[in-house]
Amino acid sequence: MKIQDIAFFVVLALLIFKRNPKLAVFCGILCLFLSIPLFSFWIFFTAERLTWYAAAFFFLAIIFYLFKFKK
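Counting from 6, one number per residue, gives the positions in the sequence shown under this note's numbering.
What the hints contain is simulated information worked out from the structure, not anything from laboratory work.
Some clues are possibly wrong.
[As the list claims (entries may be wrong)] Calculated cross-link-like contacts (lysine-lysine; reagent style DSSO-like; alpha-carbon spacing at most 30 Å):
(1) K7 <-> K73
(2) K23 <-> K75
(3) K23 <-> K7
(4) K75 <-> K7
[What the hints assert, rightly or not] What follows is a set of in silico ranges between Cβ atoms, one per label pair, in the way DEER data are often shown:
(5) F74 <-> P42: 23 to 29 Å
(6) I41 <-> A18: 23 to 29 Å
(7) F49 <-> K73: 32 to 38 Å
(8) S45 <-> Y70: 20 to 26 Å
(9) F74 <-> F22: 27 to 33 Å
(10) S45 <-> R24: 19 to 25 Å
(11) K75 <-> I48: 38 to 44 Å
(12) I8 <-> K75: 35 to 41 Å
(13) R24 <-> F50: 29 to 35 Å
(14) Q9 <-> K75: 30 to 36 Å
(15) I67 <-> W47: 28 to 34 Å
Don't be surprised by glycine CBs; every beta carbon is placed ideally from N, CA and C.
Build the full structure now, drawing on both the sequences and the hints.
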């Protein structure tokens, strides 16, 4: 497990604790923006991980919006 994975799980835990879907979407967009220069410098492993993290943040936001919509 790399440091970026640990940071992801810490941020994910904070987002789950806060339950703010807009913040989760912001973190997902931030991950995508950070991955763009890494792809251009051919640092594929970290860039691919960031895109997976962004997908997880977007999925978390969708879950938050669904639970918010049900109430």
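Self-check item: Non-conforming hints, listed in increasing numerical order
Solution: 1, 4, 5, 8, 9 and 10
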